[in-house]
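Protein chains in written order, with numbering that gives the first Met the number 0: chain A, 0 to 124; chain B, 0 to 124.
There may be inaccurate statements among the hints.
Same chains, same label: a pair holds when it works inside one copy or across any pair of copies.
No farther apart than 25 Å at their CA atoms in a straight line, the calculated lysine to any residue pairs in the SDA-like style are these [to be verified]:
1. K81 <-> M51
2. K35 <-> A111
3. K35 <-> R94
4. K81 <-> D26
5. K35 <-> T96
6. K38 <-> W97
What the hints contain is simulated information worked out from the structure, not anything from laboratory work.
Bear in mind that the values here come from a model prediction, so they are computed numbers and not experimental data.
Listed below are the residues making up each chain.
There are 2 protein chains.
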Amino acid sequence: MANQELKILGQDGDDVCCEGLATAPLDEEQAADLAKIFKALGDPVRLRLMSMIASREGGEVCVCELTPAFELSQPTISHHLKLLRQAGLIDCERRGTWVYYWILPTALDRLAGFLAVPRAAKASV
Amino acid sequence: MANQELKILGQDGDDVCCEGLATAPLDEEQAADLAKIFKALGDPVRLRLMSMIASREGGEVCVCELTPAFELSQPTISHHLKLLRQAGLIDCERRGTWVYYWILPTALDRLAGFLAVPRAAKASV
DNA sequence: GGCTTGTATTGACGTTCATTGATGCAACCT
DNA sequence: AGGTTGCATCAATGAACGTCAATACAAGCC
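Given only the sequences and the hints, what does the whole structure look like? Please build it.
This is the structure in structure tokens:
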């Protein structure tokens, strides 16, 4: 269950993580990889899921606590969780009857680093 | 031309920018606002446009330099630039015949700050 | 004025996405 | 074994998205 996420930025080979948005123009492959992750965050339900999980004391949340927070069907929440997992943003584990999700902070850190604009590029504002 | 972007995070009123992803669960409105911005970044063409503009010496790029970098029609590039502008990520100005685009670093900084996960939430990894 | 070049907008089309009800699978309980 | 609960997958549908050709608009040039 934990081995389904996509190959993520700079896991090996080309290293997207350490290059900022402003260091050099992205090539098509880098852009496609990153776009998948941003797209995963580009939905209000998924952003709320992320924040619900990330802000959780202990770092883990049971699906049974996430689903009732939305006025959406259970399959829909399950679908969004799957997309976040495929983007490498969260992971999960089954423990008995319940499934627990947690954030993968490394992915978030890489995104944050990617977005941080070096001072040079800020001069024009 | 410069006054069309959406009302952005924490421009006034509710302040999304200073709350991290992990500080508290997002409410629906905050999530919807942020999702628009992440969605704007969730396309490879738009990410490449962003990096081409951001990595540009001087911080400004003419559309006439962006369009030929893609195997896409000129209206398509124009459409993507419009979406980025509506998300508050870039702005533009017409100077004579040409239109120049530049990055709005504040928006990127806010996103980066939002994604930076506090140490507490990282313990579980 | 009319012509040319650069950019934005419109309208249409095919694809992808979010959502749901129905169903399947896993784990517990009696 | 049978029943129940938690979660994932499937198949279908309507909405949103990316793309383009055609067109419109803006600015410079003749």
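Hints versus structure:
| no. | hint | in the structure |
| --- | --- | --- |
| 1 | K81 <-> M51 | within (16 Å within a copy, 32 Å between copies) |
| 2 | K35 <-> A111 | both (15 Å within a copy, 17 Å between copies) |
| 3 | K35 <-> R94 | neither (29 Å within a copy, 35 Å between copies) |
| 4 | K81 <-> D26 | between (27 Å within a copy, 21 Å between copies) |
| 5 | K35 <-> T96 | neither (31 Å within a copy, 35 Å between copies) |
| 6 | K38 <-> W97 | neither (28 Å within a copy, 31 Å between copies) |
Hint violations for this structure: numbers 3, 5 and 6, all remaining hints satisfied.
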